[in-house]
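Whole structure, please, built from the sequences with the hints as guidance.
In order, the protein sequence lines correspond to chains A and B. Okay, so the first sequence: first residue is 1 according to the working numbering, each after it adds one. Okay, so the second sequence: first residue is 1 according to the working numbering, each after it adds one.
These are computed hints drawn from the structure, not numbers from a lab. Fair warning: there could be bad hints in the mix.
Just so you have them, the derived chain A footprint on chain B, three or more residues with Cβ under 8 Å [unchecked claim]:
(1) 182–196
(2) 205–219
From the derived model, a few chain A residues whose C-beta atoms are all more than 10 Å from chain B [said to hold, decoys possible]:
(3) TYR24
(4) GLU55
(5) LEU84
(6) PHE164
(7) PHE191
(8) ILE200
(9) ALA214
(10) ALA220
(11) ARG248
Across the chosen pairs, the derived CB separations fall in these ranges [claimed, not checked]:
(12) B/GLU82 x A/ARG168: 35 to 41 Å
(13) A/PHE103 x B/GLY47: 30 to 36 Å
(14) A/ILE185 x B/SER80: 38 to 44 Å
(15) B/GLN37 x A/PHE15: 56 to 62 Å
(16) A/PRO177 x B/ALA77: 34 to 40 Å
(17) A/ALA174 x B/ALA151: 44 to 50 Å
(18) B/LEU54 x A/PRO177: 42 to 48 Å
Glycine residues also receive a C-beta, built at the ideal position from the N, C-alpha and C atoms.
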Amino acid sequence: MKDSPAASRLIQLGFLTAALTAWYVAGRFSAIPPLFLPPIDAVWSSLNGLIRTEEFWSAIGVTLSTIAKAYGIAVVLGVLAGYLVTRSRFLTAVLEPVISALFSIPITLFLPLFILVFGIGTASKVAYGAAYGFFPIALNTIAGLSRVDRRYLAAARALGISAFGTVRHVMWPAAFPVILTGLRIGFFIAFASVLGGETISSVEGVGRNIALSAELLEPARMYAWIVVVVAAALVLNGAVSAIENRMRGE
Amino acid sequence: MLAARAAILAVTLVAWEVAARPTGGADLIAPPSAIAQALFATVLRDGAIRSAILFTLFEVLCAYALAVAGGLVLGLAIGSTEMARRSFYPVVLLLYAIPQVVMLPLVTLVFGIGPAAKIAFGFSHGVFPVLVNVIAGMRNVNPLYVRAATAMGAQRADIIRHVMFPHMATSFFTGLRLAMTTTLLGVILAELYVSTAGVGYFTKLFAENFDPAPLFALIGILAVMAIALNELARSVERRFTHWRTASTS
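Listed below in structure tokens is the structure:
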């Protein structure tokens, strides 16, 4: 939205200011029960206190390492599965619709099974996030690799490039943009599912802390945690777009 | 092709049966035969579970109807003028990027543990795809058509009804399909978080009693329901958009 004129930026700024002011005024005059919307200054001071505690950073650490593991597994298995499936045209034709049909089932349904099998600790969240992230990565890898122009492959073979060289120098560059989209979608799905798994059924991590603050009827603390997640999501969004643009620019 | 898929399914089921069967006792992965047995003996026979499933379906449909109506109205409001779109579309996209699941405890706090929270959470998941696709669809309308309509004396409502709506149909129906997926997700998340009578209650009950066979059966029913709703949304999308691809491409 770089080309949008200053006026619309101004409206956006005005919108944000209005929302924050409304929040402040509502807290000031207790227009909304503080249990649902605590005053903005209470949330701010709660956030300030929160980031000084050790539990805050350990919860952040748990969640980040869970996301990293889940996403790592999803990337490795997704790209590998996509590569293996596209090895044969027959396999692609048989399996691609199966994988995309499976992806239309909300994996959230299986969360109780993940908890049952992997326990209530971080392992079940890793598995759940990895399962969710796997599908977009695998589907995009299949889409990317199966559309590599076969003449390029024939040319590479004619020039005597090894199997590894073909993957490295022909298939990877040709399929990369589509795979990159899958990697981005997979990341945000893994991110949201790990937080969701933590919120619904967990003993530690950011999601658990949000649910716990709600259970203890400490809305200011809960909002402080939500603010942290929203800020993290926006920063990650910007960072991932920047990385993606740089990688596409090559 | 179909034969190959059927073969894969058969091999998976047999392997699953064989792998899950021999150890016996407190196994967490139930074999397919036990799941089928639990499906007919426990899950489908129990009136409380049957009504919980229907209740979840009701929650999904309510949330979906609200999401479509809300998304359409808001989308038309934001997409109807250039200024409004430039100002608020980035805000909508920004909000769409936030993982909503962290608001689940808040939604439960505000709407309680009954169906209202499930419908509200399904709505908040479903409204964004509709909204984004309505706005994006209105942007695709050729401005010349709008100018021509204005020149011929069309009112704002006429333009929306006769010029904008037919052009944004493709995008709108894509939004409807995506919204079905996300609404289901929202309702299921809210059911699993806290539930006293819905399917969330029963999944928790079976999981906590280490009773995997009925749990698998219940999840299977819900998965079938999800696929059916998705297919319904997809066929509606095909039904109402094929004329467009057929006439323009």
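For this structure, which hints from the list above don't hold up?
7, 8, 9, 12 and 14
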